[in-house]
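If you read the sequences in order, they're chains A and B. Going left to right, the first sequence walks through residues 1 to 127 as the numbering used here numbers them. Going left to right, the second sequence walks through residues 1001 to 1146 as the numbering used here numbers them.
Take these hints with a grain of salt, some might be off.
As the list claims (entries may be wrong) - Mimicking SDA-like on lysine to any residue, the simulated pairs with C-alpha atoms at most 25 Å apart in a straight line are:
| # | chain 1 | residue 1 | chain 2 | residue 2 |
| --- | --- | --- | --- | --- |
| 1 | A | LYS91 | B | LEU1075 |
| 2 | A | LYS121 | A | CYS61 |
| 3 | A | LYS91 | B | GLU1006 |
| 4 | A | LYS91 | B | GLU1026 |
| 5 | A | LYS91 | B | ASP1049 |
| 6 | A | LYS91 | B | GLY1054 |
| 7 | A | LYS91 | B | CYS1131 |
| 8 | A | LYS121 | A | PHE110 |
| 9 | A | LYS91 | B | ARG1144 |
| 10 | A | LYS91 | A | GLN103 |
| 11 | A | LYS91 | B | ARG1040 |
| 12 | A | LYS91 | B | SER1010 |
It should be emphasised that the hints constitute simulated quantities derived from the structure, not laboratory data. Predicted model, so just to flag it, every value in this text is computed and none were measured.
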Amino acid sequence: MAYRVLLVDDSPAMRSFIRRVMFLSGFDLAECVEAGNGAEALERLRQGKVDVILTDINMPCMDGEELLRRLSEDSRLRDIPAIVVSTDSTKPRILHMIGLGAQGYIAKPFSPERLRETLEKVLGCQV
Amino acid sequence: MITPAELTTSIAGAAGSVLETMFFAEAEPGAPVPDEQRSRMTAVRICFDGGLRGEFRIAFEPHLARALAAAFLGLDEGEVAEEEVNQVLCETANMICGAALSRIESDEHMRLDMPVLVDDAADCPGFLQACFVTPEGVLCTGVRID
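With the rest of the complex left out, here is chain A (with noise of 0.2 Å):
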């Protein structure tokens, strides 16, 4: 099964390198959808649905705390699985983010094996 993903992040560089990786580690993407914050990515889930979200926490206009909240509270997106990917990996904020519903968490930096480690894990199947 091919995946289509969300990819929230306000660098237009970060969003190419993890696009990229995905593509390297083997994950099975069909499509990446891509926003440079919150709001915009709420708008894109309204354009059409996606099987998870990665999403970074530090952005303008809306950030990923405040996307996450947004998808909680919305009954026709609520099951869609999100990881929070961000160079904070405090445990303060990680227990933040999963308490805000993410259910997965990749500190940067990291390896094409953790992102796919953790898409797998999170969509619960072997990619």
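Take the given structure of chain A and dock chain B to it, following the hints.
Just chain B now, kept in the frame of chain A:
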């Protein structure tokens, strides 16, 4: 209270980890860089807050900056636009600063401002500095705790 030695060790560890994992590049500790050489570098600064408050800076020699951007984006160096180089440098600064602070303060809240380019890479009074040598050039880090 964190000591300068602990801070330097944490930044060195974070820089090495980021360069190796995200850029497939290796870096060794190097000698301090003279101001004249540093002034030709491209520098980024990030202010941080939380258990510790201060400012992190990182400066890259021009060829290293372009080589890192190309490696990060999977492009040839000639294909990378100046804006893309700057984006990658800002992201690199963000990753190294975030990783270093997370190592130091794993149980504390941390907040990083958006990384911004600095006009004068040599202007960093009061910063605890460290330099690293890569095959593509030198990068220097600096941190100031308020």
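Okay, the hints, checked on the actual structure:
no. : hint                   : result
1   : A:LYS91 with B:LEU1075 : violated, 35 Å
2   : A:LYS121 with A:CYS61  : violated, 30 Å
3   : A:LYS91 with B:GLU1006 : holds, 20 Å
4   : A:LYS91 with B:GLU1026 : violated, 28 Å
5   : A:LYS91 with B:ASP1049 : holds, 16 Å
6   : A:LYS91 with B:GLY1054 : holds, 21 Å
7   : A:LYS91 with B:CYS1131 : violated, 29 Å
8   : A:LYS121 with A:PHE110 : holds, 16 Å
9   : A:LYS91 with B:ARG1144 : holds, 24 Å
10  : A:LYS91 with A:GLN103  : holds, 15 Å
11  : A:LYS91 with B:ARG1040 : violated, 38 Å
12  : A:LYS91 with B:SER1010 : holds, 17 Å
Of the numbered hints listed earlier, those contradicted by the structure are 1, 2, 4, 7, 11.
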